[in-house]
Amino acid sequence: MSNSDLELKDVSISLGGKQLLEINCSVGPGEILTVMGPSGSGKSSLLVYIAGFLAPVFESSGSVLVNGADVCSLAAERRHIGLLFQDPLLFPHLSVAGNLRFALQSNAKQKNQAISEGLNDIGLAGFDDRDPSTLSGGQASRVALLRLLLSAPNAVLLDEPFSKLDTQLREETRTLVFDKLRASGLPTILVTHDQADAEQAGGEIRTLL
Amino acid sequence: MLRWAGHSLIFLLAAPILLGTLIASLPAFGYFPPLGSSDFSLEAWRELFEVPGLTRSVLISLISGVLTPLISLALVFLYLASATGSKLDLWIRRLVSPLLSFPHAAAAFGLAFLIAPSGLLSRVISPGLTGWERPPDILIVNDTWGLTLLFGLIVKEVPFLLLMSLAALPQLQPRHRIEVARTLGYRPTIAWLKVIAPSLYPLVRLPVIVVIVFASATVDVALILGPTLPPTLSVRVLSWFNDPDLNLRFLAAAGSLLQLGVSLIAVAIWLALEKFVGLLWRFWLAAGNLNTGEGLAFAIGRSAMPLVLVVIAGSILALLANAFAGPWRYPSALPSSWTIQHWANSLSDLSTPLFNTVLISVSSTLLALLLVVATLESERQSSKSKSTALWLLYLPLLIPQIVFLFGIIVLTEFVGWQANLSLVIFGHLLFVLPYVFLSLSEAYRQLDPRWTQVASTLGASQLKSFWRIRIPLLLAPCLTAVAIGMAISISLFLPTQLLGAGRITTITSEAVALTSGASRNLISVWAVVQLSLPILGFMMALLIPKFVWRNRSGMIDTR
Numbered sequence: 001m002s003n004s005d006l007e008l009k010d011v012s013i014s015l016g017g018k019q020l021l022e023i024n025c026s027v028g029p030g031e032i033l034t035v036m037g038p039s040g041s042g043k044s045s046l047l048v049y050i051a052g053f054l055a056p057v058f059e060s061s062g063s064v065l066v067n068g069a070d071v072c073s074l075a076a077e078r079r080h081i082g083l084l085f086q087d088p089l090l091f092p093h094l095s096v097a098g099n100l101r102f103a104l105q106s107n108a109k110q111k112n113q114a115i116s117e118g119l120n121d122i123g124l125a126g127f128d129d130r131d132p133s134t135l136s137g138g139q140a141s142r143v144a145l146l147r148l149l150l151s152a153p154n155a156v157l158l159d160e161p162f163s164k165l166d167t168q169l170r171e172e173t174r175t176l177v178f179d180k181l182r183a184s185g186l187p188t189i190l191v192t193h194d195q196a197d198a199e200q201a202g203g204e205i206r207t208l209l
Numbered sequence: 001m002l003r004w005a006g007h008s009l010i011f012l013l014a015a016p017i018l019l020g021t022l023i024a025s026l027p028a029f030g031y032f033p034p035l036g037s038s039d040f041s042l043e044a045w046r047e048l049f050e051v052p053g054l055t056r057s058v059l060i061s062l063i064s065g066v067l068t069p070l071i072s073l074a075l076v077f078l079y080l081a082s083a084t085g086s087k088l089d090l091w092i093r094r095l096v097s098p099l100l101s102f103p104h105a106a107a108a109f110g111l112a113f114l115i116a117p118s119g120l121l122s123r124v125i126s127p128g129l130t131g132w133e134r135p136p137d138i139l140i141v142n143d144t145w146g147l148t149l150l151f152g153l154i155v156k157e158v159p160f161l162l163l164m165s166l167a168a169l170p171q172l173q174p175r176h177r178i179e180v181a182r183t184l185g186y187r188p189t190i191a192w193l194k195v196i197a198p199s200l201y202p203l204v205r206l207p208v209i210v211v212i213v214f215a216s217a218t219v220d221v222a223l224i225l226g227p228t229l230p231p232t233l234s235v236r237v238l239s240w241f242n243d244p245d246l247n248l249r250f251l252a253a254a255g256s257l258l259q260l261g262v263s264l265i266a267v268a269i270w271l272a273l274e275k276f277v278g279l280l281w282r283f284w285l286a287a288g289n290l291n292t293g294e295g296l297a298f299a300i301g302r303s304a305m306p307l308v309l310v311v312i313a314g315s316i317l318a319l320l321a322n323a324f325a326g327p328w329r330y331p332s333a334l335p336s337s338w339t340i341q342h343w344a345n346s347l348s349d350l351s352t353p354l355f356n357t358v359l360i361s362v363s364s365t366l367l368a369l370l371l372v373v374a375t376l377e378s379e380r381q382s383s384k385s386k387s388t389a390l391w392l393l394y395l396p397l398l399i400p401q402i403v404f405l406f407g408i409i410v411l412t413e414f415v416g417w418q419a420n421l422s423l424v425i426f427g428h429l430l431f432v433l434p435y436v437f438l439s440l441s442e443a444y445r446q447l448d449p450r451w452t453q454v455a456s457t458l459g460a461s462q463l464k465s466f467w468r469i470r471i472p473l474l475l476a477p478c479l480t481a482v483a484i485g486m487a488i489s490i491s492l493f494l495p496t497q498l499l500g501a502g503r504i505t506t507i508t509s510e511a512v513a514l515t516s517g518a519s520r521n522l523i524s525v526w527a528v529v530q531l532s533l534p535i536l537g538f539m540m541a542l543l544i545p546k547f548v549w550r551n552r553s554g555m556i557d558t559r
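In the order they appear, the protein sequences are chains H and Z. Here the first sequence is numbered in my numbering, starting from 1 and rising by one per residue. Here the second sequence is numbered in my numbering, starting from 1 and rising by one per residue.
These are calculated hints, taken from the structure and not from any lab test. Careful, some of the hints might be misleading.
Some chain H residues close to chain Z (C-beta under 10 Å, calculated; not the full set) [what the hints assert, rightly or not]:
hint	residue
1	73
2	75
3	76
4	78
5	81
Quantities reported herein were computed from a predicted structural model and do not represent experimental measurements. Beta carbons are placed, not taken as given, at the ideal position from N, Cα and C, and that holds for glycine.
Please construct the entire structure, taking both the sequences and the accompanying hints into account.
This is how it looks when you write it as structure tokens:
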């Protein structure tokens, strides 16, 4: 259990002097805040901003507080904010276990044990040495989630992570992801087009214009 | 530290070349303290213009400088116009990269042994077609007007311009444009020439200018195929430079400046030609729906490229046949027996140059790779757009080699350095760098930025994601860049010859030195070694990723 919280304070992002979005919100441990809005409303820019990758052409102000500490001045890798993209993005040159090991802190103990327990937990026991490109879409999504969890983040961002899965699989994967994130007590921001995602997330819903 | 990489790369390239060009001009005006002359004078120029046959030497350099790019580009464009999307095209696209790695000197020797009066071609068609019982008494190789030189240069530059055009084409969306033109009633070849050629030309203009400079100032190809009485300007400058009479240094300096002028005039003629052709094209476009010439353009385009391939294949065959030939009477098509005697005889002479070749090409290429990756990585981390100063990368290809290499030597003589291996490696680096950069930059810039972003969100530092993610993902393009860099280094003649003061020998420098006097068999052995080395490099670049990623099918198409 991480029991951390995530707060966005007077966050504003503009491009070329035109404001894209403005948001104030607070997400508690295990809560999922859903951000919806049409294409071009700046949903993805918001996640990129929180994660620390916003391109310099954008102007931004406000602060991102993780457990009360502003992370805006930190490089992405020191923010401890995990991010799931639309694609699982498993590193194609590493095995499944290699991908998971990459996420573990260098001082983590009993890495192999953590990896095999994690795989067991998501129903992929024994997949350690598999080539990630031989996994099905659903399996790859689960490995990506496990990889994120093993990196021990303090908060999580989801960028339409289910949009490329077909309906049946989307349902299953969504349930698994949300359950795991809640169980880990991680504050989560979900960006999506899909009303069903928002409903199942069960948290506050913000709509950007 | 990375921030300095981009600047140091440009400095490393530009400074010695610009400085070298400037300094080369000092002895031309009589100033050269190492030889005890510190008074400025025009003596060297007076001497230069009194050299017999100078006008002809200059003229031949100019002719190859203008006609080589003109004919090569015309062939490449007609080929692309007539064959894009055909089966022939798929086949040729696969061949073009390996063809490019065929070293100039080996290609020139191969061509000479193919088309000489007693060469392979003449033997194959004699006496059946010609009735020749002995080699005809005509001058083909080393002909007075440099036509064979021109032919050799075209055969070598067509693959280069084709590769450059193929790299530039996708951004023009050619298929879409051709479809539009064809719905308007144009035949496909004419459609390509009317709607693609005018937009493609500006994209390959710089490579074309590289060809102009190379063709007008080449030394090794001209030594092998070019006229001898008198030779091209560049060859004469080299011979003055190598003359034991050190006073000829002043003449060589003036000659190298004249060479720079000749190359610049060739470029100027090209630019004028460009205007004229542009005007013609505009009239032709404005003339509307005329499909005249479709048949002719199609025929030339479809036949020229296979012809170039046949010539290259024939050259390689001629080299192989000569390298293993026993007694071979004219006009027999094949030797009466085969032997490895020529190889056995050359073995002991080959070892030192082979070692030097590998040492120089590996070290210059690895240095180049280090600098290029550091530059691209700093560009990525600072998320700047492409630096405008990067056109300077072309500098070593835009100034005739003999001019700035000569200047670099003068510079080292001022400072009192001796010619040595590290100087040769540095000289090679100047030519290897641009090709390594051109080959790697697109793959590096196009690597999906999300790989690094994922790594960062997982807590990986820039350093960790560089070594553990970006370098492995880019292994294949890096190895290709290394193979290309090594192929360039292996083919270099002048930097080894000049910066090594003739004391450091490579396969190429020794092979070219055999031009005068050695037997065809011996030369062929060296040329075969020379052309096999780059092939080995490309095979490794192809096989290593296949082996390393044998259990990672995602690495086959991910770049």
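Kindly indicate which numbered hints from before are broken by the structure, ordering the numbers from low to high.
Failing hint: just 1.
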